[in-house]
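Student: So you can see what is in the structure, the chains are spelled out below.
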Amino acid sequence: MRKILPVLSVLLCSFLFFLFSCSPKKTKEQIVIWHWMTDREDVFNELAKKYGELTGVNVKFETYAPSDVYREKVRAAAQAGLLPDIYSPLGAQRELASFIKAGYVEDLTPYMEEGWKNIFFENVLKQNSYSEDNEWEVKPGIYGVPIDVVSIQIFYNKSLFEKAGLDPHKTPQTFDGFINVCRKLREKGIQPFVSGFGEEWLVDVFSRSFEYQILGEEGIIKTIKGEIKYTDPRWIKIFELFEKMRDEKIFAEGIVTMINKDAERVFATEKAAMALNGSWGINVYSGMNPRLNYNVFLPPKLVDAKYPVKIWVSSSFLNVNPKSKFKKEAIDFLKWLTNDEQQVLLAKQTHNIPSNKNVSNVIESEVLKNFAINIDKAFPTLPVQEHWKVVGVKCKGIQSIIIGEKTAKQLAQELQQEKEKILSEK
Amino acid sequence: MKKQSDITSFIFVLPAVLMFAIFTIYPFIKTFQLSAYEWDGISPVMKFIGFKNYLNVIYDSLFWRSMLNAGFITLLALTFQNLLALILAIIIDRGIKFEKFFRTVYFIPPILSGVVVGLVWKWIYDGNYGILNTILRFIGLEKYATSWLSNPKTALLSVAIVHMWKGFGWGFVILLAGLQTIPRELYEAASIDGADTFKQFWYVTVPLMIPIFFVVSILTILGTMQIFDLIYSMTRGGPAGFTEVPISYIYRYMANNELGYATAMAVVFGLVLFSLSIIQIFVSRKLKKV
Chain B
-9 MRKILPVLSV
1 LLCSFLFFLF
11 SCSPKKTKEQ
21 IVIWHWMTDR
31 EDVFNELAKK
41 YGELTGVNVK
51 FETYAPSDVY
61 REKVRAAAQA
71 GLLPDIYSPL
81 GAQRELASFI
91 KAGYVEDLTP
101 YMEEGWKNIF
111 FENVLKQNSY
121 SEDNEWEVKP
131 GIYGVPIDVV
141 SIQIFYNKSL
151 FEKAGLDPHK
161 TPQTFDGFIN
171 VCRKLREKGI
181 QPFVSGFGEE
191 WLVDVFSRSF
201 EYQILGEEGI
211 IKTIKGEIKY
221 TDPRWIKIFE
231 LFEKMRDEKI
241 FAEGIVTMIN
251 KDAERVFATE
261 KAAMALNGSW
271 GINVYSGMNP
281 RLNYNVFLPP
291 KLVDAKYPVK
301 IWVSSSFLNV
311 NPKSKFKKEA
321 IDFLKWLTND
331 EQQVLLAKQT
341 HNIPSNKNVS
351 NVIESEVLKN
361 FAINIDKAFP
371 TLPVQEHWKV
381 VGVKCKGIQS
391 IIIGEKTAKQ
401 LAQELQQEKE
411 KILSEK
Chain V
42 MKKQSDITSF
52 IFVLPAVLMF
62 AIFTIYPFIK
72 TFQLSAYEWD
82 GISPVMKFIG
92 FKNYLNVIYD
102 SLFWRSMLNA
112 GFITLLALTF
122 QNLLALILAI
132 IIDRGIKFEK
142 FFRTVYFIPP
152 ILSGVVVGLV
162 WKWIYDGNYG
172 ILNTILRFIG
182 LEKYATSWLS
192 NPKTALLSVA
202 IVHMWKGFGW
212 GFVILLAGLQ
222 TIPRELYEAA
232 SIDGADTFKQ
242 FWYVTVPLMI
252 PIFFVVSILT
262 ILGTMQIFDL
272 IYSMTRGGPA
282 GFTEVPISYI
292 YRYMANNELG
302 YATAMAVVFG
312 LVLFSLSIIQ
322 IFVSRKLKKV
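Residue numbers (the numbering used here), protein chains in the order written: chain B, -9 to 416; chain V, 42 to 331.
Hints listed in this document are in silico derivations from the structure and should not be mistaken for laboratory results.
Do not take every clue at face value.
Unchecked claim - Coverage of chain V stretches by chain B, computed from C-beta distances (three or more under 8 Å per stretch; other residues unrestricted):
(1) 80 to 88
(2) 149 to 161
(3) 191 to 201
(4) 291 to 304
Just so you know, even glycine gets a beta-carbon here, dropped at the ideal spot from N, CA and C.
Generate the whole structure from the sequences, applying the supplied hints.
Tutor: In structure tokens form, the structure reads like this:
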């Protein structure tokens, strides 16, 4: 017994040490915010300090990057009941719905209805909102706070346009015009177009810019519901656009395995004349090549399209943990973060479009202004969402078309088969 | 006294046993449990679906295609990678100048981070900036310059080459250790009996190295079939799924919150690897007897 006692004591002490060192330490009124935005870390810390001095409430921003690591951390924390006061599930509507139904996201509708919602771009706020007829049976309402806005258009290198004999102030307005520009660039040995098509979501973004033109919102909803088949001639026409672009050799070498970072490098080092990328690219390109001479234009319009051009617009949303001990303080902080003064500071320091529409005129960059004026063209937020497997087959299929492994009709058939499998499982 | 000694020993191993139980046994059991459910990892309710996930795995052509891709890389690793490791081990065992330098250099690739190796080789293979294409153009073989990781004909082989480059060092070390346990007198005796180099290798080295070959083979199969870091950093399973392997496919389902199906695939994958190991052990025992 005498020999065992010291050993037991050591084990007990070690156990108690680990138990208490793992416990979350919280001082009085401290709001903890988890985010993934490494480029905004400095300005967030500055704002947190400012708020603390103003109100006496401590705010702590914790960065977890990259975004897929952040997502996994949030999911693990949700299961363990260790979510912070403010965070984001960082997923599509379907995933956010899971979090809401599991009780991890506060319904902000009452706070928004007090007038707070009026400062935001309506179509941006909708992205973290649910309507009456949403397929996930989530209580209709607003669940997230946008803190800035990003959008995707086509960047183009003015110098390379000039080199190819093109007018850098005249961007292609139609799909045929876009193809002609690409031909002229190719003739001069310049790769016309690059994007991070190794990341499926970017393939989806580019495809959707044509899908909305041909099918419209109603047609997309009907397709998701299974009322319009993927073998419909309109869908085949969309996929044939990629065949056309492939045949015209518009795509940069290796595009289908490029992550967006690689594509950004290709554009920044002037190895390609155009790049489908987001407004965050402005910061990225200024870091990679400050002398890059560029601007942006909308995805090309199809001449016989029934519907207008739409683009991807999104926001960095923050959500409130309903189980937070400082819920009221967390919401007050988010109100403060999205007010005019703070949004101006955020916009100037991060070069992102402010989510507060009242201050969108503070944007100095001409390129960023071109992003901001087109926010109204955002893909609409639908009450339904296509199954991720179907989207995966579509994006892989488009990659296959680009590398010459599939035809548009083959993709349409495969997509319809996958869709029928998903519908039969429901 | 003995009882006290047993209790003391038990107390000392208890922390390690607890760690093993929490981080190995519990997840192992939980994987089987999750595979019988449909669950997104967030909802408090998990829907029991029995063996439905397993049935879906059997009919999932993309899963089996990913197994074939991993199998292809494994076959190359079993043959070319291990053959290279054996040749180098034999050369080092015979004694050459700067033996210690070569031993160290050959073991550098295996200890490098898989993700770092993948990113570096991605640059080498790059269609726009890659040094491989630059060299090919320089020596007049421009027609072979391509986007190695985006071309479905070359993508999987390109990844396999990197895997073999990174992995041969492990086999080399184990095979060298095995070679060095063979008594030199056996080679001297064989030489006296008139055996040339090849016959010494075939009748002395090979029989005594069979257990080592099988250890290296099992480790190669288990390690290569579970390849992920190189795939993720080089191709993410692209182009269009041509380099998808089981772990990257399972990861895709996990990332899309289909935990039940992902764990079912993991169980099936584990069973396949287990079966391969059993077959190898059985064949090894048979060969030993022969």
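Student: With reference to the structure, classify each hint as holding or not holding.
Tutor: We went through each hint and held it up to the structure:
Only when three residues or more bring their CB closer than 8 Å to a CB of chain B does the claim for the region 80 to 88 of chain V stand; here the count is 5, and the claim holds. Residues of the region 149 to 161 of chain V with a Cβ under 8 Å from some Cβ of chain B number 0, which does not satisfy the need for three, so the listed coverage is violated. Counting residues of the region 191 to 201 of chain V whose CB lies closer than 8 Å to any CB of chain B gives 4, so the stated coverage by that chain holds, three being the minimum. Counting residues of the region 291 to 304 of chain V whose beta carbon lies closer than 8 Å to any beta carbon of chain B gives 4, which meets the minimum of three for the stated coverage.
In this structure, only the earlier hint numbered 2 is contradicted, and the remaining ones agree with it.
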